[in-house]
Amino acid sequence: MNPRPPTTVIVDVPHRISGFFEPVDVKLGRSVEDLARVGSRGGGPALTMFGHTTIKLLPTTPSESRCHIFINGEDVTTEAKTTAVVFQQFLDYLKTPVEVEIRHDFDLPIGCGYGASGAGAIGAAVGLTCVLGLPLTLNQAGRIAHIAEVMNKTGLGTVGGQLFAGFNITTHAGYPFILDKLIIPPGTKVICGSFGPVYTKSILSSWEWKEKIRSVGAKSFETLFTWPNLQNFMDVCRKFVADVGMLDALHLDNVKNLMDELNTLKIYGASMNQLGQSVYAICNVKQATAVKKIFEKHEVTKGPWELEVCYQGPVLRVP
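Counting in my numbering, the sequence shown runs from 1 upward without gaps.
One or more hints might be untrue.
Said to hold, decoys possible - List of simulated lysine-lysine pairs, DSSO-like, C-alpha gap at most 30 Å:
| hint | residue 1 | residue 2 |
| --- | --- | --- |
| 1 | K293 | K256 |
| 2 | K286 | K302 |
| 3 | K56 | K95 |
| 4 | K210 | K153 |
| 5 | K153 | K212 |
| 6 | K266 | K239 |
| 7 | K256 | K286 |
| 8 | K95 | K81 |
| 9 | K81 | K212 |
| 10 | K266 | K293 |
| 11 | K239 | K212 |
| 12 | K219 | K201 |
| 13 | K256 | K212 |
| 14 | K56 | K266 |
| 15 | K210 | K81 |
| 16 | K239 | K256 |
| 17 | K286 | K153 |
| 18 | K256 | K219 |
| 19 | K210 | K181 |
| 20 | K153 | K181 |
Derived from the structure by calculation, the hints contain no laboratory data.
All values derive from a computational prediction rather than experimental measurement.
Go ahead and model the full structure; you've got the sequences and the hints to work with.
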């Protein structure tokens, strides 16, 4: 007889930055109806800061399944649509109703381009798989998280990158997750900071924005693979931001000014998180202090943080 699964687990999922992306939700002129196939091509680094999701199976016998959702200590059960959709997808696996508490705590700010929604969706899917004792693989749990993101327009390609970590490039949109990884020199640092959020749903719900991003993102993807290394990645990301025109359209002068000064340094480069009023710079360890001073000079409201590329996907632990 198999041992009972734990009733409480914590899932640590790396935050991630997307440097550029190409939405893929139309093929041959028609919308893709299978939500698992909707997604994006693009890439960026998983980071050494995390979203921590605690899943607790409550000792109750409810008449119907329900979950209680908290983000950074606040009850958001009615607002946290992405996590709610993750939970709903598990109901078909259950023989009896359950009551679950899901608590998300994030190291980096929400809505600022650090993949918080993806980290939370993965944490919920992986944690529920564990406490409910269900036979799902990491990929299958990731599919559930990805569908929840797509349904709620909180992300398109972040989940695959967070599942497999590293400095990864999503080469095929949607599920199954197909990625490649850039080889990153040891001692590489990712310095980042934020002025505030850009609401991803408002961009992904706009046909005009999506068409512009789709066109520029496709060119960015092809350019990256002419010379797939870190320097070319940063060059591609800067051009993506310039060609999409989001900085001017959204009046993000603070982001633009910070990027411009950082790019006067002899580092790999600096660009804007997709999507957030946030900037990340990639440099070597000897350059990190000078880079952080520029972030501080521009008075980012959150950060700066000195991070590295994370090479480990979701990690399960007990409290």
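Hint check results:
{"no.": "1", "hint": "K293 - K256", "in the structure": "holds, 17 Å"}
{"no.": "2", "hint": "K286 - K302", "in the structure": "holds, 23 Å"}
{"no.": "3", "hint": "K56 - K95", "in the structure": "holds, 18 Å"}
{"no.": "4", "hint": "K210 - K153", "in the structure": "holds, 12 Å"}
{"no.": "5", "hint": "K153 - K212", "in the structure": "holds, 17 Å"}
{"no.": "6", "hint": "K266 - K239", "in the structure": "holds, 17 Å"}
{"no.": "7", "hint": "K256 - K286", "in the structure": "holds, 24 Å"}
{"no.": "8", "hint": "K95 - K81", "in the structure": "holds, 24 Å"}
{"no.": "9", "hint": "K81 - K212", "in the structure": "holds, 27 Å"}
{"no.": "10", "hint": "K266 - K293", "in the structure": "holds, 15 Å"}
{"no.": "11", "hint": "K239 - K212", "in the structure": "holds, 13 Å"}
{"no.": "12", "hint": "K219 - K201", "in the structure": "holds, 23 Å"}
{"no.": "13", "hint": "K256 - K212", "in the structure": "holds, 19 Å"}
{"no.": "14", "hint": "K56 - K266", "in the structure": "violated, 48 Å"}
{"no.": "15", "hint": "K210 - K81", "in the structure": "holds, 22 Å"}
{"no.": "16", "hint": "K239 - K256", "in the structure": "holds, 13 Å"}
{"no.": "17", "hint": "K286 - K153", "in the structure": "violated, 39 Å"}
{"no.": "18", "hint": "K256 - K219", "in the structure": "holds, 22 Å"}
{"no.": "19", "hint": "K210 - K181", "in the structure": "holds, 25 Å"}
{"no.": "20", "hint": "K153 - K181", "in the structure": "holds, 25 Å"}
Of the numbered hints listed earlier, those contradicted by the structure are 14 and 17.
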